[in-house]
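Peer 1: If you want the building blocks of each chain, they are given just below.
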Amino acid sequence: MKSISIKKLMVAMTATATLGTAGISYADDPIRIGGLYILSGSAATYGEFAQKGIDLAVDEINGSGGILGRQVEMIYEDTQGKASVAIQAARKLVYSEGADALVGLDSSGVAQGMVPTMPELQKPLIITHAATPDVTGKLCNSFTYRISVNVAQNMKAAALVAAETDATNWTTIGPDYAFGHQSWEFFGNYLKEINPDVNLMSETNFPRFGAEDFTPFIDRVMDSDAEGVLISVWGGDLVNFVRQANTRGFFEKDLEVMFTVGAATEVLTALGEEMPEGVHLSTRYWYEAYDNDINERFVKAYLDAYGNPPSYNAEGAYAAMYAYKQAMEAAGSTEGPAVAKALSGMSMEAPNGTVTFRKGDNQAMVSPNWGVSGPMHPEHGIRTLNNLQIFDGEKVARTVEETGCKL
Amino acid sequence: MKTKVLMAILAVVIAGLIAVPWIASYFYVFIFTEILILGLFAASFNLIFGYTGMLSFGHAAFFGIGAYATALVLIHLEWPFLVCLLVSMGASALLALMIGFLSVRLNEVYFAMLTLAFGMMVFAIAYQWRSVTNGSDGLAGFTLGSFGLGLDLTLANPSVYYHVVLGIVAIAAIVLYLICRSSFGMILKAIRQNPERVSFAGLNVRTYRLVAFVIAGTFAGLAGGLIAPFLRVASPELLHWSMSAEPILMAILGGTGFFLGPFIGSAAFVLLETWITTYTESWMLVLGIILALMVIFFRKGLLGTAIDWWMEVKK
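Keeping their order, the protein sequence lines are chains A and B. Oh and the first sequence: position 289 is 288 in numbering that gives the first Met the number 0, straight run, nothing missing. Oh and the second sequence: position 193 is 192 in numbering that gives the first Met the number 0, straight run, nothing missing.
Isolated chain B (complex conformation) (with noise of 0.2 angstroms):
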């Protein structure tokens, strides 16, 4: 019963989003699509955070690679955008292979601190490497060709890039689910808490790490892909510590312990952002109270909480 209740929500929640440019004021599509597509890059971390129990703090690293792809490709090359994102998958799969290899083979803190590190290494490449990236300016003034399939959908108009972007973040998120529902996931679950005891069972706990952590990155590297040519610049501030942060504020924020609550501290964190800078300079010091509230009373996040308030109540 409750579980159908559930689906219903879920089936609304999927009506509303493909109807917000005809619900929303056009604002709102801007704010939308970037909903999407940062949920699905917190939805990317969360394989390694909340699934895998790996804090990494260089995600944005495979975000940030995959928005300089995209733009890159259609700067020189001029390719169809669903090419795009298949050149920013594999970029950041590449980059995940490298970091991930150097990274998985150590725990806790020191996972953290070389992620870390690589992360801000990608950073000082692209803002160094003017004659690719452009330096600390981006890669900026490239235009939307075609979308591919033979589709003819005009990209550059905000509505239909919010469909593109809803309909390619929905694929994107059921492979992950059903990546996260299969026996890989249940072992990353396991490896998330007792990696000892996996490792009796006879599994190599480095090697389910590592694909993790690849898949995690191909993910937010089609994340990035998105990105570039909804904000129209590919820049280092997407490869920087600070963007890695936010992934990690919006697992939090969600619930690391469901498969959708990185979309939802995603929603959170966007809307939250918009509508308090209206009003004051200040957000960072409104986000830091949210956080420290959510973090001392409402471990589950959002969605844990209303989720376990719910099944309380509704016995």
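So here's chain A without its partners, still in its complex pose (with noise of 0.2 angstroms):
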């Protein structure tokens, strides 16, 4: 028998009726949950990714029941992919908009900008996308949670895909800004620890991200005695790289190719056949690597909603409802820093198995996956991944000392 609850169209009639009156916070008011992405410009996709995981999360929770009873409400701003603008909109959102919690950020420059200013909102952030250790190391405090994977465990990861290789001299091409430069710092520091023979070269790549030409980056690595190469160009930029290293030829060259965060399903999809066979693809989220009932629900819905497969600023995002969800209720309320607390340590069940964020550094024990780019998928338009990796989420972390966070 199918029955509409009373109580919740009533729920649902008196948020809409109380929506004008914003600020002030009734029991029966939304949920509101401010999301910080880039909404435009070359990696704008990455936002719309993280909006479609979120929109699938908050019609899910929203379809059952809410959250303390509350329908969950989101609103977007654009961080531009600029750490002054997104300071800017974070407190737009939670002084003029009312946010009760934040989720966002795509870049490592923006994260290192604005999360010094998050005790001063006293509302909780939960980062799905930005990778920089710092934020859950040196700049770490008690409102700032990431639930993805950062710079830190990724290289660990990617040391460790490269060590297997016969590759000794490396070089690396990144964006110019944090991700780029800490992406080689962290992957040489590991390497040098696993294999000392390993020749880091000291003519490293540093196109400006959002560059519209890699040529001359391309044709500089073809021209050295580079062996192995780490990509951690990414979104837009990354589509451009591929295409314009295609017409080089350079991965028809005896180079080991290592893309970072290849793996990307916005990046994958936008490329179809143009992304080789034989590279080394990365993502902290793979949706075909997880064997578990929320996953396969999770990529059902997301397939069956807008028609590609989830990417990992897709999960990332979606799971960060979740969090809130699960914190939210613990706390038995929405006040900034009881939900702050409530996420300290607090282990959760989410489509890449159970994440816990560390009490030490906030920071999320969640695995990165590594596997080498195959034929294309029969259905999803996109190239499979062979010999896929899950790495461990907490063995390839860096212990709480070595992140040098003080909470």
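Everything labelled a hint here was simulated from the structure, so no lab data went into it. Some hints here could point you the wrong way.
Said to hold, decoys possible - Facing chain B, according to a computed beta carbon distance under 8 angstroms, are these residues of chain A, among others:
| no. | residue |
| --- | --- |
| 1 | Y94 |
| 2 | S95 |
| 3 | G108 |
| 4 | Y176 |
| 5 | F208 |
The model shown is predicted, which means the values in this text are computed figures rather than measured ones. The beta carbon of each residue, even a glycine, is placed where N, CA and C say it ideally should be.
Take each chain as given, in its own frame, and dock them per the hints.
Peer 2: The following block contains the structure:
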């Protein structure tokens, strides 16, 4: 028998009626969560995929009674990938739109600027994408959490993958900001630790983020005696990069090519067959890597709703909404400090298995995925991943002492 | 009579500005902080643009260097806030002297292009000198210490910071106003209208232009020193040529012929941006339309047009 709960209807009606009076919080008001993503420019697809993941989670949560009996409402702001814009946007979300909690951040540079201001806002932030180790390291604070893999975790895994190859001369091509530089720094340090004989070339390549022409950098690597190259270019830049690398014959050279965020489905969808076979691709979450009910349900719902498989950014954003649901219900309130406290040390079930926000640095112990690009997927229109490796999130993480975080 | 009414309006506006943290929602404390800082930036620019007639496309260099100076001092030396501002002003004055010395000898489009080139040079240095400026990410993660002068102010509190900014911008605006009203300011106006004539009167036009350029740069540096602790980041965008365009837009929007025009322009710019971006991402399109209409129909800007209208109607 199907019946519409009168109470639910009433809640929805009062929620609609009180929508105009933002700022004052009634028990029946929707819980407002602010999303801060890149919604314009060459990385805008990441923001869109995050929104898709969030919308899916919000629909599910609202459909099953909301959080603490209240509906969830999302408000988005475009960070434009700039720290100053994001900081203003966060203030707007919290003080003007009455956001109870924040999710988001695609860029490491943005995260480094914004995270130190979180204690002033007194609202929790779950980072779903930006990977700089600093925000769960030397810049950490009790309001900032991260549900996605960070650079240190992913580069430890990358170094383990690289150590298995025959390459000894390594160089990098990465975006010229925190992410590109830190990726190379952590990768180099870990690889040197595992294999002291490797040579980290001093000739590195850092094109500007959003640069349209990567050919000078591609040519430079092809002309050098590099045997392995770590590429941390991402987003629309990576799509441009791979296309230009194809025309230069970059992938025909005898190089070990490692794309640190190459298995982002945003990128794989855009590239299709243009992404070559036989290159190492990583992602913070590969949709076929996890065999559990939540993942099965999530991937199916996502495919049904949007027609393409979920990316790591969609998964992180999706899981973050459930993290807030669990934390707010554990805290019994939506008060910022109480919710932030409930997140500390919390374990939850997510599409990528059991996720725990480590008490010492608020970094989720989630696993980086690495694989080698294989044939096209018959239905999804993207490359498959062979030799898939799911690294243990805790084993590849720095220890709390190493992070430099003091909470 | 009319002056008295204008003064009364000004007094009400100032009283309103002081009361912002108590009467407006918390969010507007941030908006008004930004308006005041950018207003000072635009007013400093108007000293060379509206008064002296020099269109600089590199004014953000001084704004940005002020922001970086304060950020660097806060990170490495943790000096009191007022000292940071003095360092910012000193750094931008020095930079303005160097760029000005090479630029003011040229006129019109050549001056504009030269300032644009120097501005982008400064941007390139900030963007690439990663070990000092942290490259494209900019400097972030600094904390605000004491204010100075033995005053016990919690600068991290946005309301306190707003009042600090209001006080400093008010003092700076009064100083700028006195400069504009002085005989020096009169000569700048004369230079705008007819440089040959000023030259024939026995005055060294180039020196006057240089001094105006340095004063404008110094106040832009002060504004930059205020923006870094407000944004909590000093990033290369603050030095970019598109940032140099903002005071130009604000001055035109508010009215270049009036001392307070750039402040009105800054208020209109920031408020419109805040409101419009709530509804659409294409705020630049709306701004473009508004600016085109202003330049075609209301050359004197918002303030100039309003004052003209009021003077006409209330005769």
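Peer 1: Hint by hint, note whether the structure agrees.
Peer 2: Tested hints:
no.: 1; hint: Y94; in the structure: holds (4 angstroms)
no.: 2; hint: S95; in the structure: holds (4 angstroms)
no.: 3; hint: G108; in the structure: holds (4 angstroms)
no.: 4; hint: Y176; in the structure: holds (4 angstroms)
no.: 5; hint: F208; in the structure: holds (7 angstroms)
The structure shown violates none of the earlier numbered hints.
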